[in-house]
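Novice: Chains as they are written, first to last, in numbering that gives the first Met the number 0: chain A, 0 to 257; chain B, 0 to 369; chain C, 0 to 215.
Bear in mind the hints are in silico, worked out from the structure with no lab data behind them.
Only a predicted model underlies this, so the values are computations on that prediction, with no experimental measurement involved.
Note that CB positions come from ideal geometry on N, CA and C, so glycine has one too.
Treat the hints with care, since some could be wrong.
[Stated by the list, open to error] Under 7 Å between C-beta atoms, here's a sample of chain B residues computed to sit facing chain A:
1) Ile30
2) Leu58
3) Met75
4) Ala76
5) Arg220
6) Ala234
[To be verified] Straight-line alpha carbon distances no greater than 30 Å define the calculated DSSO-like cross-link-like pairs of lysine-lysine that follow:
7) Lys165/B with Lys3/B
8) Lys273/B with Lys235/B
9) Lys16/A with Lys38/A
10) Lys327/B with Lys101/C
11) Lys235/B with Lys23/A
12) Lys165/B with Lys52/B
13) Lys235/B with Lys165/B
14) Lys244/A with Lys200/A
15) Lys101/C with Lys55/B
Listed here are the chains, written in short residue letters.
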Amino acid sequence: MVDEGAKLVNIQPVMPKCWRADTKPHRFCPGCGHGLVLKALGEAVDDLDIAGRVVFGADIGCSLLAWDLFNLDSVQTHHGRTVPVITGLKRANPDLIGICYMGDGGGYAIGAQHLVGSAARGEKITVILVNNTQYGMTGGQMAPTTMPGQKTETSPFGRDPATTGAPMQGPEMVASITGEGAYVARGTVFNVRQLKGFIKKALANQMAGRGYSFVEALSLCPTNWRTDAAATWNMVNEVMPRYFKVGELKVPGETGGR
Amino acid sequence: MAGKPIEGEKRVFMTGNEVVAYGALAAEADIMYGYPITPQNEIMHYWTRMVPKYGKRFLQTEDELSAGFTTIGGVMAGKKAFTATAGPGNVLMQEPMSMAEAMRLPTVSIVQQRGGPSTATVIYSQQEVILTTMGGNGEGLRVVYSTATHQELFDYTIKAFNTAWKYRFPTFVLGDGYQAKMRESLTLYDPAGRGIELVPPQPLLGAPGVPGVDRPPAQYRNTYSMEEELAEVLAKNIADYEAVSGEISEWEESGTEGADLVIVAHGVVSRAAKLAARELRGEGIRIGYFRPVTLRPLPAARIRELAARAGSFLVVESSYGQFTRLLKEAAYGAAARMIPLFKPGVGVTAEEIVARARELLSWSMRGQSS
Amino acid sequence: MEAYVGEYAAGKSEVAVNRALDLAGEGRLVTLVDLDIVEPCYTLRPIKHLLEERGVCVLAWETRQTVGLGEAGTVLRADARWALRREGDVVLDIGYGVEGSKTLDLLEGARTEENLRVLAVLNVSRPMTATVEDLVEHVRGMMPVHGLVNNTHLGDETTPEVVQAGAGVVEGAARLLGLPVVATTAVAEVAARLGPRDACGHPVRALTRFMPRAFW
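So here's chain A without its partners, still in its complex pose (with noise of 0.2 Å):
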């Protein structure tokens, strides 16, 4: 006969099997994405069974404070520059399963260089680039998927789309400069389920040696945000559809869009 008690006290979160124990708590702000899109490409690699091939590579930003997250080799880069390390070394080593884990300014501002130079090469890399509208880690800066009117510490009054531009479409621009293997999604936080499909079919398309794969992730950031927690989910599920849409861009074998 089990105690009850003690089989409470003892009840462990579900992690995935490819998450190191030891550094958890993870450093993550309460209400942050980067947990579930972790957990989702944690449990990717687990459901493949690719722990012994993977290196994932982490930018700066609040995405560097997953270096040491995963039992997986890690790598954390400059800003900007996770992509071209993971590039450099799956064009040495081939059989490994590169990951690249990056925020928006990592993927699109400081490294968009190397996000379209990559994407139009065709490197058998997989990058996940989490969507949280700012530059988080820094304090909350625009970002360039920061959306029209939104305040940020460096759009004070509400960005300004006649001035800066209208938000970055990322997945939009990879699909369209990428040839025919590549597979480009665009999940969301709001559904951890698809999130975790359209990264399983990233790492599957990596594996099968077909081409680029991206999948950006929409996600929260609550503390830049300054949002309580139905506001949070609301800016998820709400405001950022309208600027970004979910769901698969690019498929191989499949044409036509979503």
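Got chain A sorted already, so can you dock chains B and C onto it with the hints?
Specialist: Chains B and C in isolation, oriented as in the chain A frame:
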């Protein structure tokens, strides 16, 4: 596919850039990552032609930031990876090389200096000395070989891979546009034939085994939370660097015994300096010649010794004092005056050095200061 | 009308310059054309005046006329495109490139001009063109080629033996390619010791070195 690229030894006639490519081949380099910039493009032109012949790899990246970072990825995967650049590309290269310094990564980079700053000329200079030795946002824990001949470009490209993988500091071969394009003879050889053992590379990431199951995960970062953490890491790296500086540093000298004036130069300018010293000694003048081969680590102890005994160093460089600055730091406190012969971005002939040396010697004989 | 093609640093410019001077020395009207469009560094530009004083008409930029030579200045001169329409002899120095003699396609009439002979300059002391097999593959990649020039040398270390050894290898390649070896070239001191013909019977042409002065 061909066997060993170089069997035995052969006397050949080549340009410096080609020599670098053959040196990398002889060192059994696996992969080159690069971006075009004059005057080092032929390194890539030749390497890409060797790729199918010798089963090598190459990636032309979208810029030099990427060339440096992909090289980092390559060495972390356990392959002998290298890159090459010049001028503004070298400026960009400092970002990845800072990371390589921080993480003790065995990158090999060949730099063919051109006129600076900015795009200036594509031709030549010695103006990338500070950039290549100390250009990152760190303490310059790097190895930099400054070559003067095509034979050295071959020898030191091979050595650069060994140095990088043995000591784990980013390693550079610092040439220049003249060396890159000039044609001269040299001997290509199989390193094994000369008893040179090649240090094997090892993977830092993606080694066999499942992380967390068969072995701990290999996790690398270059960001720390506290000053103390950083201090600890730096202290270790600095200690490692200082411990091996003596065995890594190299120099060349002649006629320094009892010489009051020593001509000091590095790289291709040392050829003219050597000729100048030889000419003056032929006239019975006691003049010395000193040339550091490693700019990092500089042979500081020998420089201090010479600076303590000689009256003056005539420092000749195709820059406005970048090399002199390194010497002054090493020689600080010693008696020798550092007399400049600076020609930023322009070549220096033996005749010019001889003329300046004569001036100095005649002044000192007359008891005048320069 | 001769076009000198070949591997990077094989000696095309030196051979072309000397050929132009030899022809001018015979009292002929000669134009020398610089067609280096990949990495110009070591070409006719710096020695243009020197050649003009000796009666050679030179179609080449002067370094000063370019903007950031090598960075922005690999521009084809308009008059170079029409070089084959000029009176008298035309000697073309075709710079290197992955497609070798395709540079000729930039010249009006190059593919239809019957009198144009394309000559491949070869230096067996260079690792990529060291064996008969290398040379055959190399020349085949540059076709059409009408003749070979043995320019084997080791710079200042060149001896008659080096040149003769090269002649043998070039001859071997020539037989497989079905092409004549037009000449063996060597600096004057070495040429004097070789005599009028090399060991394979090729005519020896003496060279005066100009290219070291032509650096950039």
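Novice: Decide, hint by hint, whether the structure agrees.
Specialist: Status of the hints after comparison with the structure:
Because the beta carbon of Ile30/B sits about 6 Å from the nearest beta carbon in chain A, less than 7 Å, this interface hint is met. Given the 7 Å rule on beta carbons, the hint for Leu58/B holds: about 5 Å separates it from the nearest Cβ of chain A. Here the hint on Met75/B is kept, as its CB sits about 6 Å from the closest CB of chain A, short of 7 Å. A cut of 7 Å between beta carbons decides the hint on Ala76/B: the least distance to chain A is about 4 Å, and the hint holds.
A distance limit of 7 Å between C-beta atoms decides the matter here; for Arg220/B the minimum to chain A is near 4 Å, and the interface restraint holds. A hinted interface residue such as Ala234/B counts as satisfied when its beta carbon comes closer than 7 Å to some beta carbon of chain A; here the least separation is about 21 Å, so the hint is violated. Proposed proximity of Lys165/B and Lys3/B is supported: the alpha carbons are some 23 Å apart, at most 30 Å. Simply put, Lys273/B and Lys235/B have alpha-carbon atoms about 39 Å apart, too far for the 30 Å limit, and the pair is violated.
For a cut-off of 30 Å, the pair hint linking Lys16/A to Lys38/A stands: about 10 Å separates their Cα positions. For the hint linking Lys327/B to Lys101/C, the alpha-carbon distance of about 54 Å lies beyond 30 Å, and the restraint is violated. Simply put, Lys235/B and Lys23/A have alpha-carbon atoms about 28 Å apart, close enough for the 30 Å limit, and the pair holds. Among the hinted pairs, Lys165/B with Lys52/B is consistent with the structure: their alpha-carbon atoms are about 28 Å apart, no more than 30 Å.
The hinted pair formed by Lys235/B and Lys165/B meets the criterion: a straight-line CA distance of about 16 Å does not exceed 30 Å. A C-alpha spacing of about 18 Å is found between Lys244/A and Lys200/A, which places the hinted pair at or below 30 Å, so the restraint holds. Taken as a hint, the Lys101/C and Lys55/B pair is honoured in the structure, with Cα atoms around 28 Å apart against an allowance of 30 Å.
Hint compliance for this structure: hints 6, 8, 10 are not met, and every other hint is.
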